[in-house]
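Undergrad: Using the sequences provided together with the hints, build the complete structure.
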Amino acid sequence: MKTYVLVAILACFWMINSGYLKPLLLGAGVLSIITVLALTSFMNRKDGEAFPIVLLSRRLPGYLGWLVWQIVLANIDVVKRVWLGPASISPVVFRTHASQSSEAAKVLYANSITMTPGTVTLFVRDDVFEVHALTKEGAAEVQKGEMDRRVSALETV
Amino acid sequence: MSLFIDIISWACILCGGFLGVTGAIGLFRFPDFYTRLHAASITDTLCAGLIILGLILQAGFTLMSLKLLMLLGIFAYTAPTASHILAKTAFKCGLKPVLYDQKGGGS
Amino acid sequence: MFLAATLSIMTVMLLALIRAFAGPGLFDRILAVNMFGTKTVLLVAVLSVLGGQPTFIDVAVVYVLINFISIVAVLRFFEFGRREDEAEEGR
Chain A
0 MKTYVLVAIL
10 ACFWMINSGY
20 LKPLLLGAGV
30 LSIITVLALT
40 SFMNRKDGEA
50 FPIVLLSRRL
60 PGYLGWLVWQ
70 IVLANIDVVK
80 RVWLGPASIS
90 PVVFRTHASQ
100 SSEAAKVLYA
110 NSITMTPGTV
120 TLFVRDDVFE
130 VHALTKEGAA
140 EVQKGEMDRR
150 VSALETV
Chain B
0 MSLFIDIISW
10 ACILCGGFLG
20 VTGAIGLFRF
30 PDFYTRLHAA
40 SITDTLCAGL
50 IILGLILQAG
60 FTLMSLKLLM
70 LLGIFAYTAP
80 TASHILAKTA
90 FKCGLKPVLY
100 DQKGGGS
Chain C
0 MFLAATLSIM
10 TVMLLALIRA
20 FAGPGLFDRI
30 LAVNMFGTKT
40 VLLVAVLSVL
50 GGQPTFIDVA
60 VVYVLINFIS
70 IVAVLRFFEF
80 GRREDEAEEG
90 R
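First to last, the sequence lines map onto chains A, B and C.
Under numbering that gives the first Met the number 0, the first residue of the first sequence is numbered 0, with each subsequent residue one higher.
Under numbering that gives the first Met the number 0, the first residue of the second sequence is numbered 0, with each subsequent residue one higher.
Under numbering that gives the first Met the number 0, the first residue of the third sequence is numbered 0, with each subsequent residue one higher.
Keep in mind that the hints were calculated from the coordinates and are not lab data.
There's no promise every hint is true.
[What the hints assert, rightly or not] With a Cα cut of at most 27 Å, we get these calculated DSSO-like pairs of lysine-lysine: (1) A:Lys135 - A:Lys79; (2) B:Lys95 - A:Lys143; (3) B:Lys95 - A:Lys79; (4) B:Lys87 - A:Lys143; (5) B:Lys91 - A:Lys135.
TA: Now the structure itself:
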């Protein structure tokens, strides 16, 4: 299952990037797909989590849509504060707890925090994130834990 | 119909350009490195996203729009990683953020 | 309109360059250079679609990857360099 998904993704990637249907170039594509498969099977022996369960979740598209909406809202907020000047910001560093169990979900949560303008993850220690926020309101928004809950919900398929 | 798509795509590109200029001005108005990181984060997320969305609408459904979509995906993957590693390295090297309560509340 | 898109991106690039030259400290400069690279990618994409040069889009894809890898490499270099200094000071 893993291998088929990987082959499909790699083939799509090759076709998007090349766009030619000549046999020579298709052969080169097949050759490089085989090389990548060999490399990943070699790497999988060293590293366990190669295909995270988060990607299989039915809620993933809904989460991504919600994330884009949050990014738009946060952008409007930061843009407002840029034009209002440095008097309107109140930078804080705080700690927040991540309730996810798998590594991939934690990575997704930390990346989501960083991607929303106004909050940046500074450090990840086990399940405690150290976050720098541009405003106190943004910090309170993260500590309310809605994003945490939504990422945790992705772990159950 | 094509006029409608044109108008939407130009609105996207102009909004993206405005957000980019705003982020660059934020790079000058904010007091320290960590707050400037947030300003740069605007230009990495919504500014790039809106400009590429406008270009996709402009290009129509071709191989080029698929490549632009891939560019958007690469942006969405690399931009948070780059800003996280910047913040982490700066924090590790001992660059202290200017905090709200240290400034004596406001100003 | 094509002019407006390129001009706004060029303005951002100019401001980022000024910040890269004037910026106090190493990390402000790296941040500005990262932003400059991102905007270069957007400029190449705009030139490719609106300027009618379909082959330029591959340049943009390659440039965004090189930009990311170079930023990560430079930051790793400074991270480990600083750590060795601290170890020497601790001795």
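Undergrad: Quickly compare the C-alpha distance for Lys87 of chain B and Lys143 of chain A to 27 Å and report which way the hint goes.
TA: It holds: about 24 Å lies between the C-alpha atoms, which stays within 27 Å.
Undergrad: Against the 27 Å threshold, does the CA-CA distance of Lys95 of chain B and Lys79 of chain A hold or violate the hint?
TA: This hinted pair holds, its Cα atoms lying about 25 Å apart.
Undergrad: Need the status of pair Lys95 of chain B, Lys143 of chain A: alpha-carbon distance at most 27 Å?
TA: 26 Å, holds
Undergrad: Would you mind confirming whether the straight-line C-alpha gap from Lys91 of chain B to Lys135 of chain A stays at or under 27 Å?
TA: Since the Cα atoms of Lys91 of chain B and Lys135 of chain A sit roughly 23 Å apart, the hinted pair holds (cutoff 27 Å).
Undergrad: For the pair supplied as a hint, Lys135 of chain A and Lys79 of chain A, is the alpha-carbon distance within the 27 Å limit?
TA: 15 Å, holds
Figure legend: structure checked against the earlier numbered hints; every hint is met.
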